[in-house]
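Trainee: Chains A and B supply the protein sequences, listed in that same order. First residue of the first sequence: 1, per my numbering; consecutive thereafter. First residue of the second sequence: 263, per my numbering; consecutive thereafter.
Fair warning: there could be bad hints in the mix.
What the hints assert, rightly or not - Here are the computed distance ranges between Cβ atoms for each label pair: (1) B:K304 / A:P70: 53 to 63 Å; (2) A:L73 / B:D456: 24 to 34 Å; (3) A:P256 / B:D336: 41 to 51 Å; (4) A:D74 / B:P326: 54 to 64 Å; (5) B:R500 / A:T241: 17 to 27 Å; (6) B:R360 / A:A95: 49 to 59 Å; (7) B:R333 / A:V103: 44 to 54 Å; (8) A:G58 / B:D336: 52 to 62 Å; (9) A:P256 / B:H293: 29 to 39 Å; (10) A:R109 / B:G277: 19 to 29 Å; (11) B:R333 / A:Q250: 36 to 46 Å.
Claimed, not checked - To give a feel for the contact side, a few chain A residues facing chain B, derived at Cβ under 10 Å: (12) E92; (13) R173; (14) G178.
Derived from the structure by calculation, the hints contain no laboratory data. Just so it is clear, CB atoms sit at the ideal spot from N, CA and C, and this is done for glycine as well.
Number of protein chains: 2
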Amino acid sequence: MIACAARLELLAVPGVPLVGPGADLPAILAHALSSGGIRLAKGDVLVVSSKLVSRAEGRFVELPKVVPSPRALDLALRVGKDARLVELILRESSAVSRATRGVLVARHRLGFIVANAGIDASNAVPPGSAADSGPWALLLPEAPDASAAAIRARLELESRTSVGVVVSDSFGRPFRLGTVGAAIGVSGLPPLWDRRGEPDLFGRLLEQTVTALGDQVAAAADLVAGQAAEGRPLVLVRGLTFDPSEQGAQSLTRRPEEDLYA
Amino acid sequence: MIACAARLELLAVPGVPLVGPGADLPAILAHALSSGGIRLAKGDVLVVSSKLVSRAEGRFVELPKVVPSPRALDLALRVGKDARLVELILRESSAVSRATRGVLVARHRLGFIVANAGIDASNAVPPGSAADSGPWALLLPEAPDASAAAIRARLELESRTSVGVVVSDSFGRPFRLGTVGAAIGVSGLPPLWDRRGEPDLFGRLLEQTVTALGDQVAAAADLVAGQAAEGRPLVLVRGLTFDPSEQGAQSLTRRPEEDLYA
């Protein structure tokens, strides 16, 4: 059972450092919460930026060390992108969804469709790298559902209550402008909330109301997370009620055979 | 200037009645807020369900009175939907985006692409209709930006501060499962928040960060709004900071020539 919240609170958790490869992210997040005087309650959801998870996993790639394949060189010429970045996009993807001038949309190996395979090409430099290194790209986490589960396990151990964890990224949309937060890793929280079968106000059955709970939580958290100078990679969402779930973010992804726009 | 909120609060406003055609919605919403003891503050955003706006505008259509065109009859046969509903979808749309078994996705006359032209076919009955009437369909509001502006004007008049108003609907997505809240009417709040040009943590320029603020606010509000027995069609979002904007929800919509999946 999930009940809608009548009141929801979102809080950027302060004190989360800019982690580097090898960081024990679950411990670091647990520490930020306790340092901030935040005691988790049942049903709290923690939304963690995918970039933070990627940094801890050391998903940095130094672009000059990437050797583009012939296919990447061809595609790079066609879309007008750095061939080394295109090579990384292809390595991270199972299929190209759309390729046109300035745009390369791919089906990520994790199942979802996303521009540039979700690679952050803003040159986020790994700590301790040489001054003349880079530019760098940052790949999405290796297994975001597992990362979410590891964070959840640690937080549940310390708080002795059940919580949810979402690893979020910002996605563009094919039909709408601007990015929105999307859940690429989920643990504890049902990614989809199936409201079909609940009576509506007149006691009839709702026709089509499966809500993308994970994505909506990620979108809400993005309102407080920021991506720029603020740097708030951990957001607490308090006020949802849900039964613990073991479904991952894959359940939010349409399978290729369900893709109306393939 | 928009600053991310470090803390955001969402509250379902109690006491909003199930309005019918001709209701003075701005006055009704203002009354619900004051009855609930809620005093609006600068930067508050009110998210109003499109269904509530449609009800007030009398956008009910009694299906048995709809005469399907030959084109609607053909299309209905192909996709397996009620021909009268298909007729309404075509009337509300400028183009069909995808039509396949059980699915009819259209470009709505308001510019966005949405399943079934956003028509609610769950038989929401207009108040005072005969017991043997219907079934009924409920179309999207006539001009949701104008509806949002009218609500905003009334709330700003009473509160003497600047607020934002979003008229929201639940949209499916072509590549992901589950619905999310989307902004189909916006007033006061910038629908898109252009973060390009802000320095990132290392003082470099962010590459691509135009956030769909309106949609993220709608998605967040949907977490507390519910659609079923709870019926919470008005949500207050408190904690955002933004300069007043006169941009409407159209700015969230990709134009047909920008549609990579046309």
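Trainee: All hints are to be evaluated individually against the structure, with a verdict given for each.
Mentor: Here is how each hint holds up against the structure:
With their beta carbons about 57 Å apart, B:K304 and A:P70 fall inside the hinted range of 53 to 63 Å. Checking the proposed 24 to 34 Å range against A:L73 and B:D456 shows it holds: the Cβ atoms sit about 33 Å from each other. Range check, A:P256 to B:D336: Cβ separation about 29 Å, and the 41 to 51 Å hint is violated. Evaluation of the 54 to 64 Å hint for A:D74 and B:P326 yields a pass: the beta carbon distance comes to about 58 Å.
The beta-carbon spacing between B:R500 and A:T241, approximately 21 Å, falls within the hinted interval of 17 to 27 Å. Our hint of 49 to 59 Å for B:R360 and A:A95 is violated, since their Cβ atoms are close to 19 Å apart. Under the hint 44 to 54 Å, the C-beta atoms of B:R333 and A:V103, about 33 Å apart, miss the expected range. With their beta carbons about 57 Å apart, A:G58 and B:D336 fall inside the hinted range of 52 to 62 Å.
Checking the proposed 29 to 39 Å range against A:P256 and B:H293 shows it is violated: the Cβ atoms sit about 50 Å from each other. Separated by about 49 Å at the C-beta atoms, A:R109 and B:G277 break the suggested range of 19 to 29 Å. Under the hint 36 to 46 Å, the C-beta atoms of B:R333 and A:Q250, about 39 Å apart, fit the expected range. Hint status for A:E92: violated, given a least beta-carbon distance of 16 Å to chain B, over 10 Å.
Nearest Cβ of chain B to the Cβ of A:R173: about 7 Å, under the 10 Å cut. The hint holds. Annotation: A:G178 was flagged as interfacial toward chain B, and the flag holds, the nearest CB pair being 3 Å apart, inside 10 Å.
Hint check: violations occur at hints 3, 6, 7, 9, 10 and 12; the rest are consistent with the structure.
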